[in-house]
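Go ahead and model the full structure; you've got the sequences and the hints to work with.
Going by the numbering used here, the first residue of the sequence shown is number 8, and it counts up by one from there.
Treat the hints as calculated values from the structure; they're not laboratory data. All figures in this text were calculated on a predicted structure; none of them were measured in a lab. A few of these clues could be false.
Now the in silico label distances, taken between C-beta atoms and shown as ranges [to be verified]:
{"#": "1", "residue 1": "Pro68", "residue 2": "Leu28", "range": "20 to 28 angstroms"}
{"#": "2", "residue 1": "Thr84", "residue 2": "Ala27", "range": "34 to 42 angstroms"}
{"#": "3", "residue 1": "Ser16", "residue 2": "Gly83", "range": "13 to 21 angstroms"}
{"#": "4", "residue 1": "Arg29", "residue 2": "Asp57", "range": "26 to 34 angstroms"}
{"#": "5", "residue 1": "Ile14", "residue 2": "Asp57", "range": "19 to 27 angstroms"}
{"#": "6", "residue 1": "Ser77", "residue 2": "Ser16", "range": "19 to 27 angstroms"}
{"#": "7", "residue 1": "Ala81", "residue 2": "Ile42", "range": "47 to 55 angstroms"}
{"#": "8", "residue 1": "Leu79", "residue 2": "Met39", "range": "40 to 48 angstroms"}
{"#": "9", "residue 1": "Tyr72", "residue 2": "Ala27", "range": "15 to 23 angstroms"}
{"#": "10", "residue 1": "Arg15", "residue 2": "Arg36", "range": "17 to 25 angstroms"}
{"#": "11", "residue 1": "Leu79", "residue 2": "Thr17", "range": "43 to 51 angstroms"}
{"#": "12", "residue 1": "Asp45", "residue 2": "Glu66", "range": "28 to 36 angstroms"}
{"#": "13", "residue 1": "Glu66", "residue 2": "Ser9", "range": "39 to 47 angstroms"}
Glycine included, each C-beta is placed from N, C-alpha and C at the ideal position.
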Amino acid sequence: MSAADAIRSTVYLSPELHQALRLKSAQSRRSMSDIVNDALRQALRDDEEDLAAVRLRAEEPALSYEDFLSKLKADGTL
Numbered sequence: 008m009s010a011a012d013a014i015r016s017t018v019y020l021s022p023e024l025h026q027a028l029r030l031k032s033a034q035s036r037r038s039m040s041d042i043v044n045d046a047l048r049q050a051l052r053d054d055e056e057d058l059a060a061v062r063l064r065a066e067e068p069a070l071s072y073e074d075f076l077s078k079l080k081a082d083g084t085l
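Okay, here's the thing in structure tokens:
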């Protein structure tokens, strides 16, 4: 992404996190923005995968707690 395509945003970081980000940026020779963008992209991807899994299982019948517990006991999980 070029700087022209980017949207500027203010994010408040703890001093320790900011220092760690600066060090990571210097060591990896990547901009702090690139590192933060990659971290956010990964965090949001994880959430999207979780949401997709929930959508796939939305049509499954609901189990009561007692039925669920019985099923776990029957298959040896508990």
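Do the hints match the structure? See the list:
Distance hint for Pro68 and Leu28: a CB-CB separation of about 47 angstroms, inconsistent with the stated range 20 to 28 angstroms. Take Thr84 and Ala27: their Cβ atoms lie about 40 angstroms apart, and the range 34 to 42 angstroms holds. Separation of Ser16 from Gly83 is about 50 angstroms and departs from the stated range, judged on CB atoms against 13 to 21 angstroms. Distance hint check: the CB atoms of Arg29 and Asp57 are about 31 angstroms apart, consistent with the given range 26 to 34 angstroms.
Restraint check, Ile14 to Asp57: a C-beta distance of roughly 26 angstroms satisfies the suggested window 19 to 27 angstroms. Ser77 and Ser16 have their C-beta atoms about 50 angstroms apart, which leaves the hinted 19 to 27 angstroms range violated. Judged by the Cβ atoms, the range 47 to 55 angstroms given for Ala81 and Ile42 holds: they are separated by roughly 48 angstroms. Hint check: Leu79 to Met39, Cβ distance near 46 angstroms, so the stated range 40 to 48 angstroms holds.
Separation of Tyr72 from Ala27 is about 43 angstroms and departs from the stated range, judged on CB atoms against 15 to 23 angstroms. Checked against the hint of 17 to 25 angstroms, the pair Arg15 and Arg36 passes, with Cβ atoms roughly 22 angstroms apart. Checked against the hint of 43 to 51 angstroms, the C-beta distance between Leu79 and Thr17 comes to roughly 48 angstroms, which is consistent with it. About 35 angstroms separates the C-beta atoms of Asp45 and Glu66, a value consistent with the hinted range of 28 to 36 angstroms.
For Glu66 and Ser9, the hinted distance range of 39 to 47 angstroms is satisfied, since their beta carbons lie about 43 angstroms from each other.
Of the numbered hints stated above, those contradicted by the structure are hints 1, 3, 6 and 9, listed in ascending order.
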